[in-house]
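Student: Quick note: the sequence shown, position 43, residue 43 per this note's numbering, numbers continuous.
Any given hint could turn out to be false.
[Said to hold, decoys possible] Ranges between beta-carbon positions, derived for each pair:
#1 F2 with R24: 30 to 36 Å
#2 F42 with L15: 36 to 42 Å
#3 K9 with F42: 45 to 51 Å
#4 L3 with V23: 26 to 32 Å
#5 I28 with L5: 30 to 36 Å
No wet-lab data here; the hints were simulated from the structure.
None of these values were measured; they are calculated from a predicted model.
Beta carbons: idealized from backbone N, C-alpha and C, even for Gly.
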Amino acid sequence: MFLVLAIQKLGASLLRFGVTVTVRGLVIWHVLTRFLVILCRFKGCWRNAVEAYSTTAENPLKPPA
1 MFLVLAIQKL GASLLRFGVT VTVRGLVIWH VLTRFLVILC RFKGCWRNAV EAYSTTAENP
61 LKPPA
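Can you build the whole structure from these sequences, using the hints too?
Tutor: Here it is as structure tokens:
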């Protein structure tokens, strides 16, 4: 009986830890991508990246400029 309770307690704490780490990771990922998007827009490379991607998507054999 004690072993079952210990395993349940361990599982619950591991689950809580996993959820915390996942949420923290998602928040960090969101902040980093937002920062990169703002940085790219500020530097003006956002439009160039989109143009390069659209030309590559239209013609995959054409090397990007």
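Student: List in ascending order the numbers of the hints, as given earlier, that are violated by the structure.
Tutor: none
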